[in-house]
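2 protein chains.
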Amino acid sequence: MLPFASITIIGLGLIGSSIAHGVKASMPTARITGYDADPSVRARVQELGFCDDVADSAGAAVIDADLVLLCVPVGAMAAIAADMAEDLPEDAIISDVGSSKGNVIASLQAALPRARIIPAHPVAGTEHSGPDAGFATLFNDRWCILTPPDDAQEGDIERVRAFWEKLGANIEIMDAKHHDLVLAVTSHLPHLIAYTIVGTASDLEDVTRSEVIKYSAGGFRDFTRIAASDPTMWRDVFMSNKDAVLEMLQRFSEDLTALQRAIRWDKGDELFDLFTKTRAIRRRIIEEGQDDAAPDFGRSHE
Amino acid sequence: MLPFASITIIGLGLIGSSIAHGVKASMPTARITGYDADPSVRARVQELGFCDDVADSAGAAVIDADLVLLCVPVGAMAAIAADMAEDLPEDAIISDVGSSKGNVIASLQAALPRARIIPAHPVAGTEHSGPDAGFATLFNDRWCILTPPDDAQEGDIERVRAFWEKLGANIEIMDAKHHDLVLAVTSHLPHLIAYTIVGTASDLEDVTRSEVIKYSAGGFRDFTRIAASDPTMWRDVFMSNKDAVLEMLQRFSEDLTALQRAIRWDKGDELFDLFTKTRAIRRRIIEEGQDDAAPDFGRSHE
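First to last, the sequence lines map onto chains E and W.
Residue numbering for the first sequence follows my numbering, beginning at 1438 and increasing consecutively.
Residue numbering for the second sequence follows my numbering, beginning at 1438 and increasing consecutively.
For the record, the hints were derived by calculation from the structure and aren't laboratory data.
Fair warning: there could be bad hints in the mix.
Any copy will do: because identical chains look the same in the list, a pair fits if it lies in one copy or spans two.
[To be verified] No farther apart than 20 Å at their CA atoms in a straight line, the calculated lysine to any residue pairs in the SDA-like style are these:
{"hint": "1", "residue 1": "K1704", "residue 2": "T1669"}
{"hint": "2", "residue 1": "K1461", "residue 2": "W1702"}
{"hint": "3", "residue 1": "K1679", "residue 2": "L1641"}
{"hint": "4", "residue 1": "K1704", "residue 2": "D1680"}
{"hint": "5", "residue 1": "K1679", "residue 2": "S1690"}
Please put together the full structure from these sequences, using the hints given.
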């Protein structure tokens, strides 16, 4: 039993193309229609062949869909939803993969007031972007969070759940506000900090860019990975989840100031206590299968 | 031609044990004597067998050495140097692997005023600690920075260089003050920030520890790796390289405040410009062989 027979993916970057590959692998009889606002991406997807059909407009893409997945930056959701409004079949379910949910739900409900909207956020990704970056196993054993609005129908939620489970994801349901707070700390704040430190390091007068690169194995290089993520996507996330991001940033800054003070006044014990506590979190992430136990992320060292 | 025939390693954690494995692999006729202040580490090293001999005191460990490598936390350097002062052969070279250099050199020169000291810092490591964590290829294609004092003899520098090259490292020579500034940004600041954010995330009232762990694949888990590094080692690094760390921290905080302001006032362009610039740094790190090109550090996704 397929949860959906005709799936339209709008936005064919890393996440959209990974979903398409995942559908091909786990639901091979489902029909996939793709659309991307960028004509060069549409042409590339034709070559790569992971969609059965690539449409020339959002409206044409959705006309036969029973699931429409919006995989565009969160700042582009409102416009693309308005574009397809007239052509959207009445019984189609609209979902998305946006990293923030409160704002996205408001945009989609405004643009598509009668649509059956079940927002989703698969917590998975890599630092690579574009239609060549996708792969079928991206969502394996990752969490996909559904944030259905209060008036969502139980049957619609269950179909979206079944869809993501077929892609290998585990499902959690929570309200959009809580999602936005949780993801502010597990995803948005880490990205903001990584972008910041990479910027700080590249603007120094007394340390050359070349030195920063040569000695990056001391820790810095870990931050450059997520600071290489898609700029449009992340700009939109911070604009869209502003309140929760600012709240987490404030807490982080306070904690950093406390450590700064401990260093200035030689309070080694305070540092030691924190550094001991943080080890336990890493251990639990590995125990729960959310990261690899291999040292150094399994980098080869050969 | 071996640069050194008799090598003593004081401190048998990740770095000390990796050096021993590397010597066994690349200089198999060299004799390795090990010592660690912790009797349980000494016993474990006897079992693991990567030292030819495990001594019961620092003095006994160095008595026949022509190279003594101090692989202890930087805060422990002064005491261990004093311990071995009487037994150190006149022609032995003393080196170390400390992550900060100015303070370490001052400590060693004070404790061993007539010794031939060639300080070194191999920029390599994993988040694992202890004698079981070491492996021979840890230093392959990583940089090892030598910071010889002004009165160091050229021949001594060349022997230490040859030693590290045999372990696979590339060598750079710089003065200690510059080293401490460069490493403050490429290593110390990243560790401090990683420890901070992991602490911030585990102290929230409205987001549970379990949620932080489940959704850590959104970016947070990358930070937990270096926040799992050895607490004693890192406490000492921040105490020892205080001035440079505080300077870098100040710059980072200013940059973070600027981003915070951009988010608050909806200045998406400022965010986008920074996020585009930081991508280029990642690209260069990969081009110069300091990280893997595989997406997501090569994590498996299976």
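**Violated hints - listed by number, lowest first** = 2
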